[in-house]
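Asks: Spelled out, the chains give:
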Amino acid sequence: MSNGKPGSDIDIKRFNQVFFEECAEHLVEMERILISLSDREPDQEQMNAIFRAAHSIKGGAGIFGFDDMTVVTHVMESLLDRLRKHEIGFTASMVDVLLEAGDVIAMQLAGHREGSVVRQEAIDAVRDKLQRLVDNGPAAPPVAVVEPPDSSPCSGALIRSLGDDTATHRFELSFTPDDNIFRRGIRVESIIAELSELAQPGGFASRAELVEVPTLAEFDPENCLTRWHFTLTTPASADQVMEVFMFVADEEQLNLRELPSERLPAAAPANLPGATAAAEPSTAPGAAPPVPEPRLEGRRAYDRDETSPGAFGRRQGEAESSIRVNVTKVDQLINQVGELLITQAMLAQVASELDPVRYETLHKGLLQLARNSRDLQGSVMSIRLVPISIVFSRFPRMVRELAGRLGKSVELKTVGETTELDKGLIEKVADPLSHLVRNALDHGLETSEVRLANGKEPTGTIQLKASQVAGRIVIEVSDDGAGLNRDKILAKASEAGIPCSESMSDEEVWQLIFAAGFSTADQVTDLSGRGVGMDVVLKNVQAMGGRVQIASQAGKGACVTISLPLTLAILNGLSVAVGAEKFIIPLSAIIESLQPKPDQLKSVNGKQVVAVRGEYLPILRLHELFNIETEVTDPRQGILVLVDLGGEKTALLVDALLDEQQVVVKSIETNYRRVAGSAGATILGDGRVALILDVAELFEMAKKAQPEPGPAKEAA
Amino acid sequence: MTMQGALKSSEQHRTRGAEFLTFTLAEETYGIDILRVQEIRGYDAVTRIANTPDFIKGVVNLRGVIVPIVDLRLKFKVGQATYHEFTVVIIINVADKVVGMVVDGVSDVVALSEEQIKPAPEFGSALDTRYLTGLGTVNDDMLILIDIEKLIASDEMQLMDRIAEA
Numbered sequence: 001m002s003n004g005k006p007g008s009d010i011d012i013k014r015f016n017q018v019f020f021e022e023c024a025e026h027l028v029e030m031e032r033i034l035i036s037l038s039d040r041e042p043d044q045e046q047m048n049a050i051f052r053a054a055h056s057i058k059g060g061a062g063i064f065g066f067d068d069m070t071v072v073t074h075v076m077e078s079l080l081d082r083l084r085k086h087e088i089g090f091t092a093s094m095v096d097v098l099l100e101a102g103d104v105i106a107m108q109l110a111g112h113r114e115g116s117v118v119r120q121e122a123i124d125a126v127r128d129k130l131q132r133l134v135d136n137g138p139a140a141p142p143v144a145v146v147e148p149p150d151s152s153p154c155s156g157a158l159i160r161s162l163g164d165d166t167a168t169h170r171f172e173l174s175f176t177p178d179d180n181i182f183r184r185g186i187r188v189e190s191i192i193a194e195l196s197e198l199a200q201p202g203g204f205a206s207r208a209e210l211v212e213v214p215t216l217a218e219f220d221p222e223n224c225l226t227r228w229h230f231t232l233t234t235p236a237s238a239d240q241v242m243e244v245f246m247f248v249a250d251e252e253q254l255n256l257r258e259l260p261s262e263r264l265p266a267a268a269p270a271n272l273p274g275a276t277a278a279a280e281p282s283t284a285p286g287a288a289p290p291v292p293e294p295r296l297e298g299r300r301a302y303d304r305d306e307t308s309p310g311a312f313g314r315r316q317g318e319a320e321s322s323i324r325v326n327v328t329k330v331d332q333l334i335n336q337v338g339e340l341l342i343t344q345a346m347l348a349q350v351a352s353e354l355d356p357v358r359y360e361t362l363h364k365g366l367l368q369l370a371r372n373s374r375d376l377q378g379s380v381m382s383i384r385l386v387p388i389s390i391v392f393s394r395f396p397r398m399v400r401e402l403a404g405r406l407g408k409s410v411e412l413k414t415v416g417e418t419t420e421l422d423k424g425l426i427e428k429v430a431d432p433l434s435h436l437v438r439n440a441l442d443h444g445l446e447t448s449e450v451r452l453a454n455g456k457e458p459t460g461t462i463q464l465k466a467s468q469v470a471g472r473i474v475i476e477v478s479d480d481g482a483g484l485n486r487d488k489i490l491a492k493a494s495e496a497g498i499p500c501s502e503s504m505s506d507e508e509v510w511q512l513i514f515a516a517g518f519s520t521a522d523q524v525t526d527l528s529g530r531g532v533g534m535d536v537v538l539k540n541v542q543a544m545g546g547r548v549q550i551a552s553q554a555g556k557g558a559c560v561t562i563s564l565p566l567t568l569a570i571l572n573g574l575s576v577a578v579g580a581e582k583f584i585i586p587l588s589a590i591i592e593s594l595q596p597k598p599d600q601l602k603s604v605n606g607k608q609v610v611a612v613r614g615e616y617l618p619i620l621r622l623h624e625l626f627n628i629e630t631e632v633t634d635p636r637q638g639i640l641v642l643v644d645l646g647g648e649k650t651a652l653l654v655d656a657l658l659d660e661q662q663v664v665v666k667s668i669e670t671n672y673r674r675v676a677g678s679a680g681a682t683i684l685g686d687g688r689v690a691l692i693l694d695v696a697e698l699f700e701m702a703k704k705a706q707p708e709p710g711p712a713k714e715a716a
Numbered sequence: 001m002t003m004q005g006a007l008k009s010s011e012q013h014r015t016r017g018a019e020f021l022t023f024t025l026a027e028e029t030y031g032i033d034i035l036r037v038q039e040i041r042g043y044d045a046v047t048r049i050a051n052t053p054d055f056i057k058g059v060v061n062l063r064g065v066i067v068p069i070v071d072l073r074l075k076f077k078v079g080q081a082t083y084h085e086f087t088v089v090i091i092i093n094v095a096d097k098v099v100g101m102v103v104d105g106v107s108d109v110v111a112l113s114e115e116q117i118k119p120a121p122e123f124g125s126a127l128d129t130r131y132l133t134g135l136g137t138v139n140d141d142m143l144i145l146i147d148i149e150k151l152i153a154s155d156e157m158q159l160m161d162r163i164a165e166a
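So the protein sequences, as listed, match chains A and B.
End of the first sequence sits at 716 in this note's numbering; the numbers just go up one at a time, nothing left out.
End of the second sequence sits at 166 in this note's numbering; the numbers just go up one at a time, nothing left out.
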């Protein structure tokens with residue numbers, strides 16, 4: 001199988017990327033299935049899916065010359081194959097070994113991809129474990145031995161009927177590779193060799209033709225200008241023939257046509273490419289005399305047995321419905337659509353000054369443009385959004401393993417897995433979340449005995465919950481364990497030299513665990529307790545522009561809430577004027593806007609507050625916070641925008657409300673630094689930049705500024 | 001440039017010389033590596049950012065990218081910080097950031113060979129010598145060469161988050 005000879009380094013790298021990504025996907029899929037089994041025996045479909053993943057990795061690794069990766073996958077495949085054929089029975093320990101094998105493959109993959117360390121002893125260990133299972137696996141339960149030929153449609157029965165079905169499909173296959181095929185390091189000879197192996201002796205013919213003949217000046221020997229036509233008579237199915245081209249060619253480059261069979265003209269219906277060949281053997285009458293299946297070198301016998309639809313190679317259906325696109329391309333698209341929106345806003349602004357009667361068609365056209373560009377933006381934005389289930393799906397395994405090691409009984413619940421979040425954030429949020437889940441398991445949840453003694457269910461629960469709240473993504477990690485221990489935290493904090501006092505409020509005490517070097521675990525385990533957990537969580541989340549909150553109740557459990565901004569999402573905002581500047585306030589934070597009457601304004605400790613329906617809300621003067629000169633300094637002359645900061649409310653004093661609009665959130669940090677009180681910036685219709693306000697942070701700034709206005713500037 | 005001149009400048013490249021964009025701040029002429037310069041544009045539509053030093057004028061929209069603008073005249077307290085239609089902003093690309101610098105004027109692009117570059121003096125210019133790579137001489141005029149990357153990334157410019165350095 002190993003036949004790819006690398007071309008130049010650069011070419012092979014570009015080419016390898018596809019394999020790496022597919023391989024990673026297969027590993028994830030395999031792990032997902034293994035975890036979902038939770039020690040039950042896999043059904044046929046799951047078995048095939050795991051097998052398929054292992055097989056695809058092995059096949060790919062072979063083609064791309066990563067021979068080391070085929071070592072483990074090969075044994076894994078053997079084990080799975082024996083299981084599949086019910087030659088050996090299934091045991092729960094196999095899941096663990098298979099998971100371990102998956103990790104080893106992932107390690108090897110990382111080794112090739114990023115040059116990270118590959119531990120050979122781990123590879124050898126897992127291979128030996130697998131091999132032992134292959135050799136000495138428990139005997140299959142007797143039922144299974146009898147069963148397969150009759151009841152399982154995609155293994156035994158088909159294997160036999162394929163063997164019986166003599167014959168032989170005749171395929172005509174044309175292969176028009178792209179120009180780059182040679183540069184990708186693919187050798188056509190080996191493909192041809194593999195095809196000819198599939199064919200019956202003497203049943204293979206190939207013909208090559210030039211697609212076009214370039215002039216000598218344009219001739220590039222590295223371009224592939226050849227098209228191949230193959231005719232083969234083979235017992236293999238169309239899928240198996242197509243599989244030869246896996247990793248080599250896209251389906252549109254192949255045209256597979258089944259010719260009427262010479263021996264069984266009536267029995268073989270025309271088989272179009274993509275149509276599953278699986279139905280074929282079972283419908284064909286098994287009347288023809290059996291022909292021994294030719295043994296193929298280099299390919300396992302069972303490679304050919306697999307005829308169930310989509311069992312091998314490219315995932316049918318799915319493969320056609322998605323394409324792989326480089327993220328930078330998507331980002332470029334998003335930027336360009338952003339520019340389009342700005343231009344559209346600019347046109348709208350210009351047109352608003354034109355007489356609506358005289359320029360009726362122009363106005364209509366612009367309205368249409370506005371609608372279309374908004375739709376376009378929505379679609380483009382959604383490309384980058386991925387469901388958070390991608391992150392959540394890694395936790396069942398982690399929880400299972402940790403719970404096993406800690407001897408705790410834990411149930412993991414996930415809620416809101418479909419909540420979508422930017423792909424960039426998804427990658428970054430995974431680490432903090434695993435820290436939190438690990439903490440909840442290690443520190444939060446009690447052992448079953450303690451739980452029973454406290455009158456709780458013996459099995460603890462950890463819940464991961466994602467939702468979209470007020471323009472932010474909120475992810476909660478909660479457990480029903482013992483909760484945070486106030487006294488212990490205070491004791492540890494003073495021990496670690498972190499400033500604290502008994503008089504601190506609970507919230508302030510919980511904040512202490514974010515300090516660097518803090519750990520309350522009684523023992524330092526390899527799970528947690530090294531004191532690098534929570535401060536890293538906080539740093540990572542803050543780097544994404546997020547916030548972390550902790551709620552805890554002794555004996556009832558704790559809940560850590562991470563709230564992240566939707567960096568790329570379209571933000572519905574209200575543009576407001578303060579002096580000569582414009583700001584955007586996220587609409588999701590706004591409760592209402594009002595012009596206060598004199599009797600609504602009160603003074604508390606010299607600070608002005610506004611009374612709204614029995615509530616006294618502090619007034620944040622934006623012109624003060626941002627040092628802007630404006631004539632509107634009295635709330636009675638301006639407008640108060642009431643905003644909700646997740647429970648707390650406050651009023652922002654602005655000069656005037658301008659417009660409600662959708663804005664593209666742009667990062668200021670790309671070329672500059674974080675600006676306190678802003679959640680990014682956007683570009684207005686006139687091409688100017690406007691800051692998007694982070695209301696919660698403004699409130700914090702104002703609080704800090706209260707004792708003396710000086711430090712706020714420092715903090716900024 | 002004559003044929004001979006062109007040849008000469010390409011030779012200079014080979015002898016590790018470089019081309020510099022020269023600009024003026026008050027009476028002094030400075031030079032920065034031309035390869036760092038992205039474009040030169042006018043000064044307009046700058047959005048002020050609160051609680052920043054006065055030399056950070058704010059941010060502008062550069063074709064959809066938000067770019068901070070620094071006034072080097074204010075930073076180094078030279079010349080008159082006036083803004084009009086002839087005010088020039090040099091957009092540079094350093095340390096993965098795009099930054100605009102307001103200067104008094106952009107003069108020329110000159111090629112300097114290594115022999116034409118002398119070590120920087122200990123003092124004598126508005127800029128701290130830490131950010132100078134040397135002095136160039138072109139037709140008896142002195143050119144102060146700046147390590148623009150070092151200058152922009154420095155703490156005193158306050159253009160980068162300190163967290164990023166930690």
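Bear in mind the hints are in silico, worked out from the structure with no lab data behind them.
Among the clues, some could well be false.
Unchecked claim - These stretches of chain B come out as covered by chain A in the derived footprint (C-beta under 8 Å, 3 or more residues):
id, segment
1, 31-41
2, 130-138
To be verified - Straight line, CA to CA, 20 Å or less: simulated SDA-like cross-link-like pairs of lysine to any residue:
id, chain 1, residue 1, chain 2, residue 2
3, B, Lys150, A, Ile123
4, A, Lys329, B, Gly64
5, B, Lys97, B, Arg36
6, A, Lys329, B, Val65
7, B, Lys97, A, Leu642
8, B, Lys97, A, Gln549
9, B, Lys97, A, Trp228
10, A, Lys539, B, Arg36
11, B, Lys77, A, Glu417
12, A, Lys329, B, Asp96
13, B, Lys150, B, Gly64
14, A, Lys597, A, Ser667
15, A, Lys649, A, Gln549
16, B, Lys118, A, Glu360
17, B, Lys150, B, Tyr131
Since the model is a prediction, treat every value here as computed from it, not as a measurement.
Ideal Cβ placement from N, Cα and C applies to all residues, glycine included.
Asks: Decide, hint by hint, whether the structure agrees.
Replies: Taking the hints in turn, this is what the structure says about them:
no., hint, in the structure
1, 31-41, "violated (count 0)"
2, 130-138, "violated (count 0)"
3, B:Lys150 / A:Ile123, "46 Å, violated"
4, A:Lys329 / B:Gly64, "16 Å, holds"
5, B:Lys97 / B:Arg36, "11 Å, holds"
6, A:Lys329 / B:Val65, "16 Å, holds"
7, B:Lys97 / A:Leu642, "37 Å, violated"
8, B:Lys97 / A:Gln549, "32 Å, violated"
9, B:Lys97 / A:Trp228, "50 Å, violated"
10, A:Lys539 / B:Arg36, "32 Å, violated"
11, B:Lys77 / A:Glu417, "56 Å, violated"
12, A:Lys329 / B:Asp96, "19 Å, holds"
13, B:Lys150 / B:Gly64, "26 Å, violated"
14, A:Lys597 / A:Ser667, "38 Å, violated"
15, A:Lys649 / A:Gln549, "18 Å, holds"
16, B:Lys118 / A:Glu360, "68 Å, violated"
17, B:Lys150 / B:Tyr131, "6 Å, holds"
Hint violations for this structure: numbers 1, 2, 3, 7, 8, 9, 10, 11, 13, 14, 16, all remaining hints satisfied.
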